[in-house]
Structures are given as C-alpha cells and as structure tokens.
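Chemist: Below are the chains, spelled out letter by letter.
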Amino acid sequence: MNGIENLVNRLFSDVGVYDAIRVTLCMSVCSTLLSSVFGIALGLTLERFSFPGKRIVVRINRTLMGVPPVVVGLVVYMLIMRRGPLGFLGLLFTVRGMILAQTLIITPIICGMTYSYAVKTAPAVRVFAKTMGASRLQTSLLLVKEMKYELYFAMISGFGRSISEVGAVMLVGGNIKGNTRTMTTAIALLKSQGIFHEGLTLGLLLLAMAFVIQCLADFLRREVREEENY
Amino acid sequence: MRIRNLEKRIGDFQLKIEDLTIEEGKIHGFVGGNGSGKTTTAKLIMDIIQPDAGRIEYGGLKLTDITMTSQRPYLLHDTVYANLVYPLKIRGRKPSKEQIQELLALFGMQDKAKQYARSLSSGEQQKLSMLRAMIFEPKLLIIDETLSNLDPESVEQFERMILEIQKKRPVTWIMISHRLSHLYRLCDRMHFFSCGRVIASGTAEEILFANEEPEIRRFMAKELVQRGEYDL
Ligand SMILES: Nc1ncnc2c1ncn2[C@@H]1O[C@H](COP(=O)(O)OP(=O)(O)O)[C@@H](O)[C@H]1O
Ligand SMILES: [Mg+2]
Chain Z
1 MNGIENLVNR LFSDVGVYDA IRVTLCMSVC STLLSSVFGI ALGLTLERFS FPGKRIVVRI
61 NRTLMGVPPV VVGLVVYMLI MRRGPLGFLG LLFTVRGMIL AQTLIITPII CGMTYSYAVK
121 TAPAVRVFAK TMGASRLQTS LLLVKEMKYE LYFAMISGFG RSISEVGAVM LVGGNIKGNT
181 RTMTTAIALL KSQGIFHEGL TLGLLLLAMA FVIQCLADFL RREVREEENY
Chain E
1 MRIRNLEKRI GDFQLKIEDL TIEEGKIHGF VGGNGSGKTT TAKLIMDIIQ PDAGRIEYGG
61 LKLTDITMTS QRPYLLHDTV YANLVYPLKI RGRKPSKEQI QELLALFGMQ DKAKQYARSL
121 SSGEQQKLSM LRAMIFEPKL LIIDETLSNL DPESVEQFER MILEIQKKRP VTWIMISHRL
181 SHLYRLCDRM HFFSCGRVIA SGTAEEILFA NEEPEIRRFM AKELVQRGEY DL
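So the sequences go chain by chain: Z and E. Mapping the first sequence onto this note's numbering, position 112 (from 1) lands on 112, and the numbers just tick up by one. Mapping the second sequence onto this note's numbering, position 33 (from 1) lands on 33, and the numbers just tick up by one.
It cannot be assumed that every hint is accurate.
[Unchecked claim] Chain E regions said to be covered by chain Z (calculated; three or more residues, Cβ under 8 Å):
id : stretch
1  : 53-65
2  : 69-83
3  : 86-94
4  : 107-119
[What the hints assert, rightly or not] With a cut-off of at most 25 Å between alpha-carbon atoms, the simulated SDA-like pairs for lysine to any residue come out as follows:
id : chain 1 : residue 1 : chain 2 : residue 2
5  : E       : Lys62     : Z       : Lys54
6  : Z       : Lys177    : Z       : Lys54
7  : Z       : Lys120    : E       : Thr39
8  : Z       : Lys130    : E       : Leu76
9  : E       : Lys114    : E       : Ser154
10 : Z       : Lys148    : E       : Leu76
11 : Z       : Lys145    : E       : Lys89
12 : E       : Lys89     : Z       : Leu141
13 : Z       : Lys130    : E       : Asn149
14 : Z       : Lys191    : Z       : Gly167
15 : Z       : Lys145    : E       : Glu124
16 : Z       : Lys130    : E       : Lys139
17 : Z       : Lys145    : E       : His77
18 : E       : Lys62     : Z       : Leu141
19 : E       : Lys16     : E       : Arg2
20 : Z       : Lys130    : E       : Tyr74
21 : E       : Lys97     : E       : Arg169
22 : Z       : Lys130    : E       : Gly60
23 : E       : Lys168    : Z       : Gly133
24 : Z       : Lys54     : E       : Ile48
25 : E       : Lys114    : Z       : Lys54
26 : E       : Lys26     : Z       : Gly133
27 : E       : Lys139    : Z       : Gln138
28 : Z       : Lys54     : E       : Thr39
29 : Z       : Lys120    : E       : Gln71
30 : E       : Lys114    : Z       : Thr121
31 : Z       : Lys120    : E       : Ile10
32 : Z       : Lys130    : E       : Arg55
33 : E       : Lys139    : Z       : Arg136
34 : Z       : Lys54     : E       : Ile49
35 : Z       : Lys130    : E       : Arg91
36 : Z       : Lys148    : E       : Leu88
37 : Z       : Lys130    : E       : Ser148
38 : Z       : Lys130    : E       : Asp52
39 : Z       : Lys130    : E       : Gly25
40 : E       : Lys94     : Z       : Leu137
If you're looking for bench data, these hints aren't it; they were derived computationally from the structure. Computed from a prediction, not measured in an experiment: that's the story for all the values here. Ideal Cβ positions, reconstructed from N, Cα and C, are used throughout, including at glycine.
Based on the provided sequences and hints, a complete structural model is requested.
Modeler: Here it is as structure tokens:
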C-alpha cells in the first residue's frame with residue numbers, strides 16, 4: 001500500500017504526471033488537427049493535379065513519412081532558437097514550438113496516406129460524379145465523403161505517431177516540468193535518473209492509449225470492409 | 001446529337017466513328033464484340049474522356065442532362081436510399097417518399113432502402129444504378145451492359161418500364177450490349193461496332209435480316225449457336 005502511495009506521489013509530484021498527460025494530449029490533438037488540415041488538402045491536391053516533377057514530389061513525401069523525428073526537431077530548433085530566423089516568435093521551449101515540430105512530422109504522413117487512398121478512389125468517384133452531373137465542388141465533397149474512413153484512419157495514425165514521439169519534443173520543448181514535459185520525455189528523464197518503475201508506469205499508460213487508438217482504427221477499418229458483397 | 005469524324009486512340013486501340021446520329025427520343029442500341037469500342041464511345045459522349053480529333057454535336061443537350069450507368073457501377077459507401085437520391089440531392093431537389101418506393105418497387109427492391117448498397121447482389125447493384133440514373137429525369141441515358149447482367153424477369157420488367165416512359169415523356173436511350181438478343185426487341189435503331197468502327201446502322205430488322213456484312217452474319221450465327229437455337 002505504502003509502495004503504491006509512494007509511487008503515485010512520486011509520479012505526481014516529482015515528474016508531474018498530470019501535467020505531462022495534459023501536455024501530451026494538448027500537443028497531440030493540436031498537431032494532429034493542424035496536420036490533418038494541411039495533409040489532407042495537400043494529399044488531395046497532389047492527386048488532383050499533374051505537373052512536371054510530380055513523381056519526385058511523391059517520392060520526397062514518402063521519404064518525409066519516415067524521417068527521424070529528431071532530425072525535424074533539430075531543424076525546428078535551429079529555426080526557432082533565439083538567434084534563428086524565427087527566433088523572434090519566441091517558440092523555443094514552448095508547447096507551440098512542439099506543435100510546430102510535430103505538425104512538420106505528421107503532415108507528410110497524413111498527406112502520403114491521403115494521396116495513396118485518393119489515387120485508388122478518385123478516378124471512379126470522378127467518373128461517377130460526372131455521370132450524375134455533379135459540379136466540381138460537389139465532386140470534391142463527394143470524394144472526401146467517400147474516403148472518410150480512410151481519412152479518419154490517416155488522422156489516427158498521425159495521432160498515434162504524435163503521442164509516442166520523443167526526440168523532436170525533447171529538443172524543441174526542453175522537457176520543462178509542468179510546462180513542456182510530455183509523457184515520453186518524462187520517461188526519458190526518469191530513466192536518466194535511474195527510476196525505472198515510474199517510467200514503466202507511464203510507459204504502460206502510453207501503451208494503453210496506443211491500444212485504444214488501435215481499437216478505434218480497427219473499428220474504422222472494419223467499417224470500411226464489412227458488408228461488401230464481392 | 002451527332003458524332004462526326006470522332007477519333008480516339010487508347011494504346012493499340014483506335015476508335016474511329018465517321019458519322020453517327022443519335023436521334024432524340026429514340027432507343028438506340030450499340031452492339032458488338034468485347035473490346036469493339038462501345039464503352040469508349042459512351043465515355044466520349046459523357047465527356048469522361050476527350051477525343052483526339054472530331055467532335056460531338058450535342059444539339060442543345062447539356063452534359064448534366066446526360067447520364068450513364070457503368071458496366072461496373074460505382075455505389076456510394078452508404079445505403080440504397082442515399083445512393084438513389086444522390087442525383088436529386090446535388091440538384092437541390094427533395095425526393096418524395098412515394099417516388100422512391102415506386103422506383104424501388106419496379107425491381108422488387110422496396111424493402112432494401114435501408115440496406116448498405118454495396119451489400120446488394122451484383123444484379124441488384126446494377127438495378128440500383130439504373131434507378132439512380134433515371135430518378136433525375138435526364139434527357140439521354142446510356143445503359144452500358146447493365147441489362148446483360150439481369151435475370152430474365154427483371155429484363156422484362158425493365159423493357160416494359162422503358163416503353164412506358166417512352167409513351168409518357170420520350171427520352172433518348174443508348175443501350176449497350178455484346179449480344180444482339182438483348183437489344184433487338186427494344187431498340188429503334190442499332191449500331192454495330194467492330195474493331196473501333198460502326199460498320200452498320202439501322203433498325204433491328206435491317207441489321208438482323210437485311211445486312212450482308214459477313215462480320216455481322218457471323219456474329220449472329222455464333223449467338224444463335226450458343227443459345228442452342230441453331231445446331232451445327
Ligand atoms: N484505359 C484504357 N487503357 C488501355 N486500353 C483501353 C483502355 N480503355 C479501353 N481500352 C481498350 O480499348 C478497347 C475498347 O474498349 P471498350 O470500348 O471498353 O470495349 P467494349 O466495346 O467491350 O465496351 C479494348 O480493347 C480495351 O482494351
Ligand atoms: Mg464495354
């Protein structure tokens with residue numbers, strides 16, 4: 001009993017678990033929403049228009065999907081550090097700075113997934129919309145609607161990536177307790193202090209969140225496939 | 001509507017239609033073997049693909065008044081009802097309950113309004129796509145191979161319905177099929193496609209009984225043999 005109390009106290013006071021959870025959720029929700037807007041718009045645009053060098057753009061997109069977040073963190077850090085080109089914005093060691101970095105990491109993921117789905121879906125939807133006499137706007141709206149589960153899925157993937165990311169958030173946010181400390185950077189800190197139990201508890205919490213997200217994703221995937229009569 | 005010197009190249013396939021007139025209010029049939037260019041012509045009319053040369057004179061017909069049911073219909077990821085009313089929705093028109101029920105009843109599908117459209121049997125999916133094409137009262141309907149997949153009773157039902165529509169409010173139809181037998185009862189005019197060309201146009205009588213084109217005679221003979229009406 002004492003042990004658990006000890007543990008809870010330690011997590012809550014020393015490392016600031018409540019705050020870390022709050023910061024993680026706030027950051028992940030914001031960066032996922034921003035990335036969804038940019039990523040979906042970019043992905044659909046990329047599918048819609050052909051231009052010279054499009055294949056290169058798609059390839060770069062795919063590369064960025066797998067870019068090590070810590071590299072993005074470094075670049076963002078250099079941009080927003082006091083002497084950097086964006087230093088005047090005062091984003092260094094703030095949640096807003098972390099959201100910026102995460103948006104740069106997740107947008108290519110959502111963009112790439114949206115693009116792949118759109119390439120598969122759009123031709124048939126466009127032909128259908130034409131036969132129905134739909135306008136351009138109606139066609140685009142229909143395409144988004146027809147892809148909605150896939151788009152949710154892309155967003156969930158982005159969110160999952162966001163909550164589990166540590167490198168960029170550490171560099172840009174600085175792991176300030178109660179302020180920019182997230183669940184993942186808290187774990188990193190606990191480890192460096194040699195406090196493994198608490199780290200593991202937080203880790204399990206993250207794992208539980210990831211599991212819930214997977215359940216959601218699975219539900220959506222089933223929603224897409226089920227009831228189809230091939 | 002008139003098609004003049006239309007040319008379209010797709011890979012090795014070359015479509016070339018010198019002169020094809022689609023008279024208003026008539027039922028037209030496009031018939032010919034697989035890959036003879038029927039669907040390609042329909043897509044050109046529907047402006048899904050654009051010709052390399054030549055043109056289509058629509059004669060006042062707007063693209064939004066033309067519709068086409070695809071040989072592989074696209075059904076929205078939604079209910080039968082949502083699919084059926086989609087063309088009305090985008091035109092800002094309100095569907096009436098009676099109209100929907102009446103349409104679905106034509107094919108005995110009145111109980112299926114709430115069913116997920118993609119869970120229908122393939123024949124039912126085809127029927128739904130036809131009803132969806134008819135619901136907004138287009139002036140030209142292109143039915144691509146859709147009849148070919150229906151059971152005999154539904155075909156009869158459909159033919160009766162078309163003839164009824166033609167009596168009330170004539171619409172122009174283009175029925176596409178790879179079998180003469182699907183079309184000759186229904187069509188006012190038939191156009192025979194072969195290797196990307198229209199090699200004969202005329203009434204069903206003219207095509208069936210008066211055309212000497214060896215290709216068409218061969219096509220007919222094979223069809224008869226396959227149906228067991230003519231034993232070699
Ligand atoms: N997108 C395409 N790519 C390559 N070949 C095509 C394409 N569309 C049609 N074709 C070719 O054009 C020919 C005519 O096709 P189509 O008009 O669909 O024939 P059908 O008379 O059976 O409807 C076929 O040989 C087909 O392979
Ligand atoms: Mg075809």
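Chemist: If a hint holds in the structure, say so; if it does not, say that too.
Modeler: Outcome of the hint check:
1. 53-65: holds (count 3)
2. 69-83: That given contact holds, which follows from 5 residues of the stretch 69-83 of chain E lying within Cβ reach (below 8 Å) of chain Z.
3. 86-94: holds (count 4)
4. 107-119: holds (count 3)
5. E:Lys62 with Z:Lys54: Status violated; Cα separation ~34 Å.
6. Z:Lys177 with Z:Lys54: Between lysine 177 of chain Z and lysine 54 of chain Z the Cα gap is close to 44 Å, so the pair fails against 25 Å, i.e. violated.
7. Z:Lys120 with E:Thr39: Holds - the C-alpha atoms of threonine 39 of chain E and lysine 120 of chain Z are around 21 Å apart, at most 25 Å.
8. Z:Lys130 with E:Leu76: Measuring from Cα to Cα gives roughly 14 Å; hence the hint holds.
9. E:Lys114 with E:Ser154: The given pair, whose Cα atoms are some 21 Å apart, holds under the 25 Å limit.
10. Z:Lys148 with E:Leu76: Cα-Cα ~12 Å, so holds.
11. Z:Lys145 with E:Lys89: Answer holds: lysine 145 of chain Z to lysine 89 of chain E is near 14 Å, not above 25 Å.
12. E:Lys89 with Z:Leu141: Holds. Lysine 89 of chain E to leucine 141 of chain Z sits at ~13 Å (cutoff 25 Å).
13. Z:Lys130 with E:Asn149: holds, 23 Å
14. Z:Lys191 with Z:Gly167: holds, 15 Å
15. Z:Lys145 with E:Glu124: This hinted pair holds, its Cα atoms lying about 23 Å apart.
16. Z:Lys130 with E:Lys139: Given that 25 Å is the threshold and the Cα spacing comes to 15 Å, the pair holds.
17. Z:Lys145 with E:His77: With Cα atoms ~9 Å apart, lysine 145 of chain Z and histidine 77 of chain E stay inside 25 Å; holds.
18. E:Lys62 with Z:Leu141: Between lysine 62 of chain E and leucine 141 of chain Z the Cα gap is close to 22 Å, so the pair holds against 25 Å.
19. E:Lys16 with E:Arg2: The hint holds at about 14 Å.
20. Z:Lys130 with E:Tyr74: holds, 12 Å
21. E:Lys97 with E:Arg169: holds, 22 Å
22. Z:Lys130 with E:Gly60: holds, 18 Å
23. E:Lys168 with Z:Gly133: Satisfied, since the Cα-Cα distance of roughly 24 Å is no more than 25 Å.
24. Z:Lys54 with E:Ile48: With a Cα-Cα distance of about 23 Å, the restraint between lysine 54 of chain Z and isoleucine 48 of chain E holds, given a limit of 25 Å.
25. E:Lys114 with Z:Lys54: This hinted pair is violated, its Cα atoms lying about 42 Å apart.
26. E:Lys26 with Z:Gly133: Holds: lysine 26 of chain E and glycine 133 of chain Z sit about 22 Å apart, inside 25 Å.
27. E:Lys139 with Z:Gln138: holds, 21 Å
28. Z:Lys54 with E:Thr39: Distance of about 30 Å is beyond 25 Å: violated.
29. Z:Lys120 with E:Gln71: Roughly 18 Å between the alpha carbons, so the hint for lysine 120 of chain Z and glutamine 71 of chain E holds.
30. E:Lys114 with Z:Thr121: Distance of about 24 Å is within 25 Å: holds.
31. Z:Lys120 with E:Ile10: holds, 21 Å
32. Z:Lys130 with E:Arg55: holds, 19 Å
33. E:Lys139 with Z:Arg136: Since the Cα atoms of lysine 139 of chain E and arginine 136 of chain Z sit roughly 21 Å apart, the hinted pair holds (cutoff 25 Å).
34. Z:Lys54 with E:Ile49: Measuring from Cα to Cα gives roughly 22 Å; hence the hint holds.
35. Z:Lys130 with E:Arg91: Distance ~13 Å between lysine 130 of chain Z and arginine 91 of chain E Cα, so the pair holds.
36. Z:Lys148 with E:Leu88: Holds - the C-alpha atoms of leucine 88 of chain E and lysine 148 of chain Z are around 22 Å apart, at most 25 Å.
37. Z:Lys130 with E:Ser148: holds, 23 Å
38. Z:Lys130 with E:Asp52: Roughly 20 Å separates the two Cα atoms, so the pair holds.
39. Z:Lys130 with E:Gly25: holds, 22 Å
40. E:Lys94 with Z:Leu137: holds, 20 Å
Violated hints, listed in ascending order, are 5, 6, 25 and 28; each of the other numbered hints is respected by the structure.
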